[in-house]
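Participant: From first to last, the protein sequence lines stand for chains A and B.
Residue numbering for the first sequence is 1 to 115, as defined by my numbering.
Residue numbering for the second sequence is 116 to 227, as defined by my numbering.
Please note: incorrect hints may appear among the correct ones.
Unchecked claim - For lysine-lysine, the following DSS-like pairs were computed, each having C-alpha atoms within a straight-line distance of at most 25 angstroms:
#, chain 1, residue 1, chain 2, residue 2
1, B, Lys224, B, Lys173
2, B, Lys224, A, Lys20
3, B, Lys214, A, Lys66
4, A, Lys55, A, Lys66
Hints are computed from structural coordinates only; laboratory data are not their basis.
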Amino acid sequence: GAVVSQHPSWVICKSGTSVKIECRSLDFQATTMFWYRQFPKQSLMLMATSNEGSKATYEQGVEKDKFLINHASLTLSTLTVTSAHPEDSSFYICSARGGSQETQYFGPGTRLLVL
Amino acid sequence: AQSVSQHNHHVILSEAASLELGCNYSYGGTVNLFWYVQYPGQHLQLLLKYFSGDPLVKGIKGFEAEFIKSKFSFNLRKPSVQWSDTAEYFCAVSAGTYKYIFGTGTRLKVLA
């Protein structure tokens, strides 16, 4: 149980385009979903927290207009990287928790390369 | 600000050696503690977690961790590592907000 999927697993796009990444909880209802960014050989940096049906809460230094997060249902959250630039190239990971659970379950990540 | 420190950035061990990875956090209140493992090319998987009760927690794959409140530590241990334990290990702490603060990770390489 507690499986989280992400789609796509990798994406290459041109500078200036927008990219949407989906995060789904497959076998539980995700009260909260989290979006992280992981740089090579570094830890995970929390970008934002999203609760179903409400606006996402962004961490300090994360541009909310750049990284649009939508959590429209209890099983789906999307991260849209708008007007992507090469510096947005990274590994984006989502996680989800359900109900009153503290434990987060992580998706496999999406590798984004902006040319 | 809350922080999580993993002092061992890279660890190399031979098979059958014992493992201890350090994790220290800075937060004075009640915390929930986690260890996750990331095998090469795979997603983070939960190894074990501590919320309350017995401070010695047993997880999957023979791993255990001990919560020492006075030392603000949650070190991960395994008596005898295997080649398949080669991975990156992350300690994470949450303190009432459901958000995790991750340590910087420890890359473990086990030599066959």
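Participant: Need the list of violated hint numbers for this structure, in ascending order.
Facilitator: 2
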